[in-house]
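In case you want the letters, here they are:
2 protein chains.
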Amino acid sequence: MTKPLILVSNDDGITSRGIRVLVSVMKKLGDVVVVAPDSPQSGMGHAITIGNTLRLDEEEIFDDVEAYKSSGTPADCVKLAKHYVFHDRKPDLIVSGINHGSNTSISVLYSGTMSAAIEGAIEGYPSIGFSLCDYSAKADFSHVEDYVYKIAKQVLEHGMPKGVALNVNFPPKRNEPIKGIKLCRQARAKWQEEFDERFDPNGRKYFWMAGNFVNFDKGEDNDEWAIANNYASVVPCQFDMTAYHAITQMNEEWDLDVE
Amino acid sequence: MTKPLILVSNDDGITSRGIRVLVSVMKKLGDVVVVAPDSPQSGMGHAITIGNTLRLDEEEIFDDVEAYKSSGTPADCVKLAKHYVFHDRKPDLIVSGINHGSNTSISVLYSGTMSAAIEGAIEGYPSIGFSLCDYSAKADFSHVEDYVYKIAKQVLEHGMPKGVALNVNFPPKRNEPIKGIKLCRQARAKWQEEFDERFDPNGRKYFWMAGNFVNFDKGEDNDEWAIANNYASVVPCQFDMTAYHAITQMNEEWDLDVE
Numbered sequence: 001m002t003k004p005l006i007l008v009s010n011d012d013g014i015t016s017r018g019i020r021v022l023v024s025v026m027k028k029l030g031d032v033v034v035v036a037p038d039s040p041q042s043g044m045g046h047a048i049t050i051g052n053t054l055r056l057d058e059e060e061i062f063d064d065v066e067a068y069k070s071s072g073t074p075a076d077c078v079k080l081a082k083h084y085v086f087h088d089r090k091p092d093l094i095v096s097g098i099n100h101g102s103n104t105s106i107s108v109l110y111s112g113t114m115s116a117a118i119e120g121a122i123e124g125y126p127s128i129g130f131s132l133c134d135y136s137a138k139a140d141f142s143h144v145e146d147y148v149y150k151i152a153k154q155v156l157e158h159g160m161p162k163g164v165a166l167n168v169n170f171p172p173k174r175n176e177p178i179k180g181i182k183l184c185r186q187a188r189a190k191w192q193e194e195f196d197e198r199f200d201p202n203g204r205k206y207f208w209m210a211g212n213f214v215n216f217d218k219g220e221d222n223d224e225w226a227i228a229n230n231y232a233s234v235v236p237c238q239f240d241m242t243a244y245h246a247i248t249q250m251n252e253e254w255d256l257d258v259e
Numbered sequence: 001m002t003k004p005l006i007l008v009s010n011d012d013g014i015t016s017r018g019i020r021v022l023v024s025v026m027k028k029l030g031d032v033v034v035v036a037p038d039s040p041q042s043g044m045g046h047a048i049t050i051g052n053t054l055r056l057d058e059e060e061i062f063d064d065v066e067a068y069k070s071s072g073t074p075a076d077c078v079k080l081a082k083h084y085v086f087h088d089r090k091p092d093l094i095v096s097g098i099n100h101g102s103n104t105s106i107s108v109l110y111s112g113t114m115s116a117a118i119e120g121a122i123e124g125y126p127s128i129g130f131s132l133c134d135y136s137a138k139a140d141f142s143h144v145e146d147y148v149y150k151i152a153k154q155v156l157e158h159g160m161p162k163g164v165a166l167n168v169n170f171p172p173k174r175n176e177p178i179k180g181i182k183l184c185r186q187a188r189a190k191w192q193e194e195f196d197e198r199f200d201p202n203g204r205k206y207f208w209m210a211g212n213f214v215n216f217d218k219g220e221d222n223d224e225w226a227i228a229n230n231y232a233s234v235v236p237c238q239f240d241m242t243a244y245h246a247i248t249q250m251n252e253e254w255d256l257d258v259e
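Which chain is which? The protein sequence lines are A and B, in order.
Take the first sequence: its position 217, counted from the start at 1, is 217 in full-length UniProt numbering, and no numbers get skipped.
Take the second sequence: its position 24, counted from the start at 1, is 24 in full-length UniProt numbering, and no numbers get skipped.
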C-alpha cells in the first residue's frame, strides 16, 4: 500500500519552528514534501506573484524530506508544488503551518497560512491550516502534536467536504491540557488599527501599523470562544464568498435599470 | 444637506486610468477622498503590511480632490484612510477600482481591488469593488460610467446588507451596449497555472507564473455567464468564510476525540 503524499507549506518561512513540528508529525502519516517561503510572509492574505519572477530552490533542511524554498507567497508555493514539483503525482493532503500566532475569526482573510490551505482546496485537495495562538518564535508546540496528528488522520480517512479547507487554531500552552476539539464558526471580530507616526533620518514621515483584536461575538459556537476556553478550534472555510441571502434581498429592493 | 463622503482606492495604483474614471464619476455623487497605492498591487489578495513601515503622502493629482498615495496594499490604504486621513469623519461609501482586468469568480480571492472593498465592509461601511474585464492599461471605460454611477447611487440609497461588499465586473467595450445588470453568484472556476522556467545571467533558475482561466460552471446565474453575455455582474461577497453546512456533516461523521 502506498503511503499518502503530503505537501507541507507555511507562511513563517521554511526555517521556522512551527513548520519543523508539522513536518515531524506528518512523517508519521505519509511521504512528506515541503514547499515553503524562503522568508516570513505573515499577513500576505491570498497574494500571488504577478508581474515579478519567482525562485524555487531545493534545500536540505529536514531529515529525509524533499524540500524546496521559494521567493513566493504561500499561495505561490502551493501552485509551484502542484505544477512543477509534483508533476504527475497528486497530494493526498496539503497542510500549512504551524503558524506562530492566531488565525481565528477575521484573521483568516489576512492569513498567509490559510491562503496555502485555501489554494489547496481550490485545486480540489484536502487541505488544513494549523495555527498556534502564541506569536513567539520560540513557542512551545508540545501540547498540540497529538491534535495535529488526529485531525490530519481524520481528513485522510474522511476526505473533505467539497470546496472547503479547515482552519485549525490551538490555544497557547497553559497549565491544563487542551480540553478537546470544537467544530466552530468564524467569530465576529475585527482588528482595530493604530498608526504610529514617526520620522526617518531625512525628516520624512512613515508609519508602523499596530492592531488590537476586538471581539464582538457573544456566542459560544465560535473559534474565539473555543480558544479562550482551552479547546482546539476547527472552522471549515469555503472559498465561495457569495452572500446568497443578499442576492434575494437586493433583487427585491434595488432598482438596477440603467437607461 | 451635507454631501456623502466617498473614499476611492484601487490596486492598479493612483496614476492608473481606471481610478481617474472612478474619481470623476464619484465627484457627481459626493465629496471624494482618494487613498491609493503608489504602485501597482495586482494579485495582492487581502495582504496587509506587517513587520514593515508604511508611507502615506498627500498628492495633487486629481482636480479639487484630496488625495494620498501609500506604499501599502489596498487593505492598508483603507485602514490608513479610516484611522489617519478621516479621523472623526466616516465615509458613506468606499469604492475601489476601476480595475484593469477581470475580478470575477475565484479571482475575488486574489484581487487587491476587492480586498479594499472587503476591508471597508469589515469596518461596517458600504463598499464596492469595480473591475473592467479588459487588462489593457489604455482600456476604454466610456461604456461603464453610467453603470458605476447607478450602482453607487443605489448603495448610497439602500445601504448594504450587513457583512457584505459588492464585487462588480463589467464586460469589455463591445459593438453592442451593455445589456443591463445581473445579480449573480461567484462562478465555479479556477486558474490553471503554467510556470515558464528561465535562467538568469548568472545561470540561476527562475520562473514566470502564467495562468489560464478555466470555467467549470454550466449555470446562467453566475458572474462569468453575465460577462460572457454582455451584462454587468454584481456579486454580493461576505467575509464570513465559514462553511456552515460542513460543520453539521463533520459533527455527524468525524471522530475528533484525542486521548
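A hint or two may mislead.
Claimed, not checked - Computed beta-carbon distance windows for the label pairs:
1) A:Y135 with B:S39: 25 to 33 Å
2) A:R188 with B:Y135: 35 to 43 Å
3) B:D140 with A:K218: 49 to 57 Å
4) B:D140 with A:K153: 51 to 59 Å
5) B:S142 with A:L256: 19 to 27 Å
6) A:E253 with B:E197: 46 to 54 Å
7) B:G124 with A:Y135: 53 to 61 Å
I should point out that these hints are in silico values taken from the structure, not numbers from a laboratory.
In this text, a Cβ means the ideal position worked out from N, Cα and C, and glycines have one as well.
Original post:
Which hints from the list above does the structure break, by number from lowest to highest?
Top reply: 7
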